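**Q** Can you make the complete structure from the sequences, with help from the hints?
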Amino acid sequence: MSMTSVPTSMRMNQSTARTCRHRLSIAVLVGTTCAMTLANAQAADETRSLTVYTYESFTAEWGPGPAIKTGFEEQCGDCTINFVALDSSAGILNRVQLEGKSSPADVVLGLDTNLMAIAEDTGLLSRSGVDTSALELPTEWTSDTFVPFDYGYFAFVYDTEALPEPPTSFDELIDASEELKIIIQDPRTSTPGLGLLLWMKSVYGDKAMDKWQALQPHILTVTKGWSEAYFSLFLNGEAPMVLSYSTSPAYHMEIDETDRYQAAPFSDGHYLQVEVAALLKQSPRQELGREFLNYLISPEAQASIPLGNVMYPVTDLEDKLPASFDRLITPVETLQFTPEDVRDGRKSWINEWLEASTGS
0 MSMTSVPTSM RMNQSTARTC RHRLSIAVLV GTTCAMTLAN AQAADETRSL TVYTYESFTA
60 EWGPGPAIKT GFEEQCGDCT INFVALDSSA GILNRVQLEG KSSPADVVLG LDTNLMAIAE
120 DTGLLSRSGV DTSALELPTE WTSDTFVPFD YGYFAFVYDT EALPEPPTSF DELIDASEEL
180 KIIIQDPRTS TPGLGLLLWM KSVYGDKAMD KWQALQPHIL TVTKGWSEAY FSLFLNGEAP
240 MVLSYSTSPA YHMEIDETDR YQAAPFSDGH YLQVEVAALL KQSPRQELGR EFLNYLISPE
300 AQASIPLGNV MYPVTDLEDK LPASFDRLIT PVETLQFTPE DVRDGRKSWI NEWLEASTGS
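For what it's worth, numbering that gives the first Met the number 0 labels the leading residue of the sequence shown as 0, then goes sequentially.
Worth flagging that the hints you see were computed from the coordinates, not collected in a lab. Treat the hints with care, as some may be off.
DSS-like cross-link-like pairs, simulated, lysine-lysine; straight-line CA separation at most 30 Å [stated by the list, open to error]: (1) Lys100 with Lys319; (2) Lys346 with Lys223; (3) Lys210 with Lys346; (4) Lys206 with Lys100; (5) Lys180 with Lys206; (6) Lys346 with Lys280.
Computed Cβ-Cβ distance ranges for the label pairs, DEER-style [what the hints assert, rightly or not]: (7) Thr337 with Lys223: 26 to 34 Å; (8) Thr121 with Thr188: 33 to 41 Å; (9) Asn235 with Pro321: 22 to 30 Å.
Nothing here was measured: the structure is a model prediction, and the numbers come from that model. We treat Cβ as the ideally placed atom computed from N, Cα and C, and that holds for glycine.
**A** Have a look at this one:
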């Protein structure tokens, strides 16, 4: 059939159909282009958005997290830091172990030297790419995976009004009157709790279990975490001594303007804790993650550590270090197990503590 013999109505319908198909093609093209543009924009946003697993006190309004977030975002210009607050350093490690390669986290911040070997054994971490050679630490640093950002020493903090003359060694504490009570934390759920376990083990070795049994009459309670022990119980006068850090008095001196709470210097020495951050291998934001790790040890970020985390910075802040830090106790000896020693001995040492605590 020739086109001239086709009815006018049919020719009009064919023409209309071609026009509709043309318009539909344009609509699909425009829609696809818009969708691709949106997807690319979202991907760009995600590329510059860093998810950091850390612990609750780090992200608190009085902690160092808010200042570090603001400072880094100002430096990078178009990035965002999203802190995910978990209950403890052990909680951070447990979370990434559970999530494995599907973890949305890019960086973990708040593990410490006692968990490093366990964390590295997961195979989930990348090399940091950060030069740590200029950092100031009381121990040699050789890890190319973990970036230290602060450190401190475990200590018993005491109320000078309730206990003018505190014990200055574990033996003195054990031999003191049973009226002297202390508050400690559980080594299975608390970083300081594990620190005390390692402190006792480094001082007493194979005799640690016997010393734990001898210490039992002095233990008022064992809390799940540090905050409950320190804020809820110790500062409310439930006991004159609490397991904490040698740096804790700095907060009271600077913020509360009181010398009432001090750390007892133990002649046994004090156990060192170094807190670290690391980059997760599965993160698609490796470059941004390394930028953040480098910023974490910059003078700008480190300035928020002394009073935000109430720990020692890993860089020399010179006159920016609060004056109260010059009045803190200086350990006569720094005690520390290697991360591998802790990994290999932790379970059996906790079992010793449990047996001594329950008497079974």
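**Q** Each hint needs a verdict: does it hold in this structure or not?
**A** Cross-check of the supplied hints:
1. Between the alpha carbons of Lys100 and Lys319 the distance comes to roughly 40 Å, so the proposed pair goes past 30 Å and is violated.
2. For the suggested pair Lys346 and Lys223, the alpha carbons sit about 18 Å apart, so the restraint of at most 30 Å is met.
3. A threshold of 30 Å between alpha carbons decides the hint, and for Lys210 with Lys346 the separation of about 18 Å falls inside it, so the pair holds.
4. Between Lys206 and Lys100, the direct Cα distance comes to roughly 41 Å. Violation of the 30 Å bound is thereby established for this hinted pair.
5. Proposed proximity of Lys180 and Lys206 is supported: the alpha carbons are some 22 Å apart, at most 30 Å.
6. Taking the CA atoms of Lys346 and Lys280, the gap is about 27 Å. The hint holds against a cut of 30 Å.
7. The hinted window of 26 to 34 Å between Thr337 and Lys223 holds, with their beta carbons roughly 27 Å apart.
8. Here the CB-CB span from Thr121 to Thr188 is close to 20 Å, at odds with the stated 33 to 41 Å.
9. At roughly 26 Å, the beta-carbon separation of Asn235 and Pro321 lies within the given 22 to 30 Å, and the hint holds.
Hints 1, 4 and 8 from the earlier list are contradicted by this structure; the remaining hints agree with it.
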